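Could you slot chain B onto chain A? The hints should help.
Number of protein chains: 2
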Amino acid sequence: MKRTGSKVVYEGKLSKVSLESFRFPDGGSSEREIVHHPGAVAVVAFDDECVRLVRQPREAVGEDALLELPAGKLDVAGESPLECAQRELVEEVGIRAGSWEKLKFFYVSPGWADEELHLFAATDLEEVGPEPSEGERIEIVRWPLARLEQAIDECQDAKSLVGLLWLRLRLA
Amino acid sequence: MKRTGSKVVYEGKLSKVSLESFRFPDGGSSEREIVHHPGAVAVVAFDDECVRLVRQPREAVGEDALLELPAGKLDVAGESPLECAQRELVEEVGIRAGSWEKLKFFYVSPGWADEELHLFAATDLEEVGPEPSEGERIEIVRWPLARLEQAIDECQDAKSLVGLLWLRLRLA
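Chains A and B are the protein sequences, given in the same order.
So the first sequence is numbered by this note's numbering: it starts at 550 and just counts up by one.
So the second sequence is numbered by this note's numbering: it starts at 550 and just counts up by one.
The following block holds chain A by itself, in its conformation from the complex (with noise of 0.2 Å):
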């Protein structure tokens, strides 16, 4: 598969939309309307106990507080996922860890849009107090492990879900 053309047809402050042609090696061809993000990180912060999940609207989908793995957007120039995945964890839920490990790197919905996501677990959790992001309206959720399913039947995000059923098989 080859691009063989991309014209850019909306530029907003977060997203890009372009309209692009592929040709294959079987020689048919495509047009694509391809929506353009920044990309992601989402963290499974977890200890014996507990694992850290945040409760926040998403005007987008008309929701008031949706159950979400900490997460946060790449657009820091220069910022690595693992880095970025390490801010978002200390200014979103005050937690710094000693351990970090990649679990998986998926996009959100690849028939349309470029998002790449990338998931991490993190242990040995240290608390260094809440340093709320200014204007966001974040919950901080201290979840049980031992109510792990319902925090999985009440999650209605994708990337949070592929943390939360990973964080299940890794405890069963």
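Bear in mind the hints are in silico, worked out from the structure with no lab data behind them.
Careful: at least some of the hints might be erroneous.
For identical chains, the list gives no copy identity; a pair is met inside one copy or between any two copies.
To be verified - Pairs of lysine to any residue residues, derived as SDA-like cross-links and limited to a Cα-Cα distance of at most 25 Å, are as follows: (1) Lys-653 - Arg-717; (2) Lys-622 - Arg-572; (3) Lys-653 - Asp-673; (4) Lys-622 - Gly-647; (5) Lys-562 - Ser-578; (6) Lys-551 - Ile-689.
These numbers were taken from a predicted model, which means no experiment stands behind them.
Then chain B, alone, in the frame of chain A:
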């Protein structure tokens, strides 16, 4: 949370972008750039031996052959998510299923996009012959359940990871 304003800034063939403003019970407000998408379905279709997967090019992320669950967009007026899933399973992998279970509803990236994903499990499978959709380069993969862990390793698509991790837990 209440939406107080909305303006469409881009309208394409598949996606639409709007700038929207919101007011919160705490008196604060926010502005969001939101990408709209019609939503989609995905199916975990399996029998005692295999789960049915597909490999297909995904131009948006520059991948020649991404391993995914059979899936499709909710783009037929009046069609329910279940009907869409049943149609897509026949069209993409040539399978009709006797039993359907709704597994999960989730958002693929609720920070900026409104795409909803309806995930189903399908069993009592009957081959009805492949009906490849026009212009789609889809390879049908009968993936042995005995090697499910490797499918999870290879998979790089959020909805498919949710479905395969669910299947791994179901079979454990």
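Going through the hints against the structure:
In this homomeric assembly, Lys-653 and Arg-717 come within 25 Å of each other (Cα to Cα) both inside a single copy, at 15 Å, and across copies, at 16 Å. Only between protomers do Lys-622 and Arg-572 lie at most 25 Å apart by alpha-carbon distance; the minimum there is 23 Å, versus 31 Å within a single protomer. Proximity of Lys-653 to Asp-673 under the C-alpha cut-off of 25 Å is restricted to the intra-copy arrangement: shortest distance 20 Å within a copy versus 32 Å between copies. For the homomeric pair Lys-622 and Gly-647, the shortest alpha-carbon distance inside one copy (22 Å) is at most 25 Å, but the shortest distance between copies (42 Å) is not.
When the C-alpha separation of Lys-562 and Ser-578 is checked against a cutoff of 25 Å, the pair qualifies only between copies, where the shortest distance is 18 Å, while the shortest distance within a copy is 31 Å. In the homo-oligomer, the alpha carbons of Lys-551 and Ile-689 lie at most 25 Å apart only across protomers (22 Å), although the nearest pairing inside one protomer, at 45 Å, exceeds that limit.
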